[in-house]
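Q: Sequence:
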Amino acid sequence: MSLYETAVFRVGDTAGFLWKNWDDAYVIFDPRSGHTQAMNIFAREILAIIEEKPSTLDQVCNELERVMEEKISEDIRLNIRQTMAEFDKMGLIEPTYGQ
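Residue numbers 1 to 99, in this note's numbering, belong to the letters of the sequence shown in order.
Source of the hints: derived by calculation from the structure; they are not laboratory data.
Dumping the calculated DSS-like pairs for lysine-lysine here, alpha-carbon to alpha-carbon at most 27 Å: (1) Lys89 with Lys20; (2) Lys89 with Lys53; (3) Lys20 with Lys53; (4) Lys53 with Lys71.
Cβ-Cβ distance ranges computed for the label pairs, FRET-style: (5) Lys89 with Lys20: 17 to 25 Å; (6) Ser2 with Ala25: 24 to 32 Å; (7) Asp75 with Leu18: 29 to 37 Å; (8) Trp22 with Thr96: 26 to 34 Å; (9) Lys53 with Ile76: 19 to 27 Å; (10) Asp23 with Thr96: 30 to 38 Å; (11) Ala85 with Ala25: 17 to 25 Å; (12) Ser33 with Lys71: 30 to 38 Å.
Here the structure is a predicted model, which means the values were calculated and not measured.
For glycine and all other residues, C-beta sits at the position ideal for the given N, C-alpha and C.
Please take these sequences and the hints and turn them into a complete structure.
A: Below, the structure is given as structure tokens:
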């Protein structure tokens, strides 16, 4: 099993994030890294879940199922996993391994 299947992820420090949104697109600036990232509403929802509470991939999927009121397919689960991996590479989330 990979890191993204087992680890608990958290958002390090959201206080410095600067957000801007237009319709269903979001832009986040992270002053810690100096990077700006664009994301769609689906990715923003994933990050919001992890911001609210450190979460595993399964917990993120379960919360999205609750919000969307429908079961998540394996393709969507893979998309969520890939989004979390990108967030980790960007430094927006980090593994904690045991919260």
